[in-house]
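Asker: Sequence:
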Amino acid sequence: MFGPGQAGAGLVTPSAYAAQTLGYPSEPPIHKSKPILTGSPLQSFTEPVAVVDADPRATQAYAWASGVLGLTQASFAPASADASFRRYFRIRAGAQSWIVMDAPPQQEDCRPFVRIAGLLREAGVHVPAIVAEDHDNGFLLLSDLGTQTVLDVIDEANADALFGDAIDALIVWQRASRPQVLPPYDEALLRRELNLFPDWYLGRHLGVELDAAGREALESVFRQLIENALAQPPVYVHRDYMPRNLMLSRPNPGVLDFQDAVYGPLAYDPISLFKDAFLSWPASRIEWGLRTYHRRAELAGLPVPAWPQFRRDCDWIGLQRHLKILGIFARLTLRDGKPKYLADTPRFVRYVMDVLPDHPELKPLAELFERHVLPRVGSGA
16 MFGPGQAGAG
26 LVTPSAYAAQ
36 TLGYPSEPPI
46 HKSKPILTGS
56 PLQSFTEPVA
66 VVDADPRATQ
76 AYAWASGVLG
86 LTQASFAPAS
96 ADASFRRYFR
106 IRAGAQSWIV
116 MDAPPQQEDC
126 RPFVRIAGLL
136 REAGVHVPAI
146 VAEDHDNGFL
156 LLSDLGTQTV
166 LDVIDEANAD
176 ALFGDAIDAL
186 IVWQRASRPQ
196 VLPPYDEALL
206 RRELNLFPDW
216 YLGRHLGVEL
226 DAAGREALES
236 VFRQLIENAL
246 AQPPVYVHRD
256 YMPRNLMLSR
266 PNPGVLDFQD
276 AVYGPLAYDP
286 ISLFKDAFLS
296 WPASRIEWGL
306 RTYHRRAELA
316 GLPVPAWPQF
326 RRDCDWIGLQ
336 RHLKILGIFA
346 RLTLRDGKPK
356 YLADTPRFVR
366 YVMDVLPDHP
376 ELKPLAELFE
386 RHVLPRVGSG
396 A
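The sequence shown begins at 16 in this note's numbering and counts up one residue at a time.
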């Protein structure tokens, strides 16, 4: 374990097995992707005709929020965007600001966001307050938790403190868990997510068509991953609990992007926090983070298994997530026209290959990656 300011003391590259024996590209021990659209200059939307021509929904969102707030003039600008059809705008009048969620009702449903925000708030987690709702048109007006995500600011010097806050907030959320409140992270959902990997990443992105033996080998891995996930103690699962979705705020952190929360594997959110979609940490930091979570979760009375089983659970549910995200990032590129996410797929290839040497039961997955994925990583797979 290392203390504050010592995260760099044990910096390591990805495992020697994966990086040297299998030969995939290495990267600096800490590598951060640029977040999407978090610092755009404010622009005034006080001339509706021009705005209609440029972005009718933005104009509609501005008019709705201004009316709700009783504003005659305000600045209005992008605050962030995500991988879905949702967008977020910041509306500002003087020293006050709010966030407008634009979720086109043909593609998105605001109601889960509102409902889960209530559950998080009741649990004691800092989330945006719902100021106003227009579900017919797909708009929410939210309190503004600030302009900096944890991803924007985290580094070796402050990681202990920021991760400590994130762990504590996660435990508060998990302690509030009750069955039959959120949708279950059941076999059907786990399998749908896993199938994104062969369908979108292998098949449509890499052009790999597995033969019967390859499909059966992959299915054997999927069965094991699903069995492990269903055997873990169930809790509330955010499903994207990572620094990009945590705001630097008081109290810290503010939690965002929780609308897909479910009831499922306890280890899912802890491993998501430290094996981030946009930020790579050295193995020593990941181990410190998981041990810190495990110790605090035990003290909080959560049903965490003994450390060896918990660590294995993290690896296995992490693999489920890594495979799913490879598929999602390929789908975002090919179906949704968002190619920027593809730049982070090598990160998830590394995550997969770092874990597999410790779990010989999953050898078929290692062989599949060696044959079909690793030769293409260097060319942007």
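Hints may contain errors.
As a list, the in silico DSS-like pairs of lysine-lysine whose alpha-carbon atoms are at most 25 Å apart [said to hold, decoys possible]:
(1) LYS355 <-> LYS378
(2) LYS355 <-> LYS339
(3) LYS378 <-> LYS353
Using C-beta positions, here's what the derived DEER-type ranges look like [claimed, not checked]:
(4) ARG230 <-> ALA298: 26 to 34 Å
(5) GLN122 <-> PRO248: 30 to 38 Å
(6) GLU302 <-> GLN88: 26 to 34 Å
(7) GLU376 <-> ALA203: 32 to 40 Å
(8) GLU302 <-> GLN122: 15 to 23 Å
(9) GLN122 <-> ARG310: 26 to 34 Å
(10) GLU224 <-> PRO119: 33 to 41 Å
(11) ASP149 <-> ARG107: 17 to 25 Å
These are computed hints drawn from the structure, not numbers from a lab.
All residues carry an ideal CB built from backbone N, CA and C; glycine is no exception.
Asker: Please go over all the hints and tell whether each is borne out by the structure.
Answerer: Each hint, compared with the structure:
Simply put, LYS355 and LYS378 have alpha-carbon atoms about 31 Å apart, too far for the 25 Å limit, and the pair is violated. Between LYS355 and LYS339, the direct Cα distance comes to roughly 17 Å. Compliance with the 25 Å bound is thereby established for this hinted pair. For the hint pairing LYS378 with LYS353, the CA-to-CA distance comes to about 33 Å; that exceeds 25 Å, so the pair is violated. A beta carbon spacing of about 32 Å between ARG230 and ALA298 agrees with the range 26 to 34 Å that was offered as a hint.
Taken as a hint, the range 30 to 38 Å holds for the pair GLN122 and PRO248, whose Cβ atoms sit roughly 34 Å apart. Checked against the hint of 26 to 34 Å, the pair GLU302 and GLN88 fails, with Cβ atoms roughly 53 Å apart. For GLU376 paired with ALA203, a C-beta distance near 23 Å fails the hint of 32 to 40 Å. Evaluation of the 15 to 23 Å hint for GLU302 and GLN122 yields a failure: the beta carbon distance comes to about 40 Å.
Between GLN122 and ARG310 the CB atoms are about 42 Å apart, so this pair departs from the stated range of 26 to 34 Å. Distance hint for GLU224 and PRO119: a CB-CB separation of about 35 Å, consistent with the stated range 33 to 41 Å. Checked against the given bound of 17 to 25 Å, the beta carbons of ASP149 and ARG107, roughly 20 Å apart, stay inside it.
The structure fails to meet hints 1, 3, 6, 7, 8, 9 from the earlier list, while all remaining hints are met.
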